[in-house]
Amino acid sequence: MIPPDVMIRIAGLRVLYGAFAAVDGLDLDIRRGELFGLLGPNGAGKSTTIRVLIGQRRPSGGSVTIGGRDVVREWAQIKPNFGYVPDRENHFEEFTGRRNLEFFGQLYGVPKLRADQVLKMVELDEAADLPVRGYSLGMRKKLLLARALLHEPQILYLDEPTANLDIHSAEVVHRILRDRVKHGATVILTTHDMDEVEKICDRVGIVCRGKLVALDSPLALKQQHTERKVDVIRDDGERLVFDLDDPTGRAGLAGLVTAGRALSIRTREFDFHATFLKLTGLVFE
Numbered sequence: 001m002i003p004p005d006v007m008i009r010i011a012g013l014r015v016l017y018g019a020f021a022a023v024d025g026l027d028l029d030i031r032r033g034e035l036f037g038l039l040g041p042n043g044a045g046k047s048t049t050i051r052v053l054i055g056q057r058r059p060s061g062g063s064v065t066i067g068g069r070d071v072v073r074e075w076a077q078i079k080p081n082f083g084y085v086p087d088r089e090n091h092f093e094e095f096t097g098r099r100n101l102e103f104f105g106q107l108y109g110v111p112k113l114r115a116d117q118v119l120k121m122v123e124l125d126e127a128a129d130l131p132v133r134g135y136s137l138g139m140r141k142k143l144l145l146a147r148a149l150l151h152e153p154q155i156l157y158l159d160e161p162t163a164n165l166d167i168h169s170a171e172v173v174h175r176i177l178r179d180r181v182k183h184g185a186t187v188i189l190t191t192h193d194m195d196e197v198e199k200i201c202d203r204v205g206i207v208c209r210g211k212l213v214a215l216d217s218p219l220a221l222k223q224q225h226t227e228r229k230v231d232v233i234r235d236d237g238e239r240l241v242f243d244l245d246d247p248t249g250r251a252g253l254a255g256l257v258t259a260g261r262a263l264s265i266r267t268r269e270f271d272f273h274a275t276f277l278k279l280t281g282l283v284f285e
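Using UniProt numbering, you'd call the opening residue of the sequence shown number 1 and step up by one each time.
Relax, there's no trap hidden among the hints.
Within a straight-line C-alpha distance of at most 25 Å, the following computed BS3-like cross-link-like pairs (lysine-lysine) qualify: (1) K199 <-> K278; (2) K182 <-> K120; (3) K120 <-> K199; (4) K229 <-> K199; (5) K182 <-> K79; (6) K222 <-> K278; (7) K229 <-> K278; (8) K182 <-> K199; (9) K278 <-> K211; (10) K112 <-> K79; (11) K222 <-> K199; (12) K211 <-> K222.
Keep in mind that the hints were calculated from the coordinates and are not lab data.
With the sequences and hints as input, model every part of the structure.
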């Protein structure tokens, strides 16, 4: 029985490419109304997992349900409920931005007026009547998001949604995604931008070699896996490191401070990027 707050349930998912398991027994629940980051190094299996979710790849084993429906047996009922922003664009170059959206809007039965609404949402309204071949990389990316938003889907899948965007445009995208979540949508994104993860994701799942290696909020993962250390320069010039998770380290630091012998004290900030590298085995201790 799937709990009512679970939108996507991935159970024992396996995806094989010949003898190679791109996804190897993945178990994951993604809740309704959350912004979820699916993270991992290149080749970890995250893109393959997304392909299963959007119907581009059939599972080799296990099961995936979306809104309680099986992705293999009930795909026709699932498809109208999601929007997808791929990492590679597939616009009609000779069409204007508005015409691109009107064309795709017809597939979902949305009125033409909706094209203008989403163009304004992503700040492309002034470029609506320009051919897409004249759009910058960032504008093309935002047009992909506008297309995914046309039919106001319950689920959004986004692959590197802010790649090629300037700081302002990235903030616009973040605001749109948080607003969609606020109104009950489920958003799943992949990204290599760890600052973005910390800023907007409610939870993250980190996959490595086809398996889930960590699942929690970005803050909780940092607290669990980032070393809490303090770098100190003593009054004789010696550099020392104290581990705040070790009672001896805390006592040693307190003794230096009490004696007035600490010339410089610098805490190491929680770093989600370092946490990610540690969990995926890309940092060796």
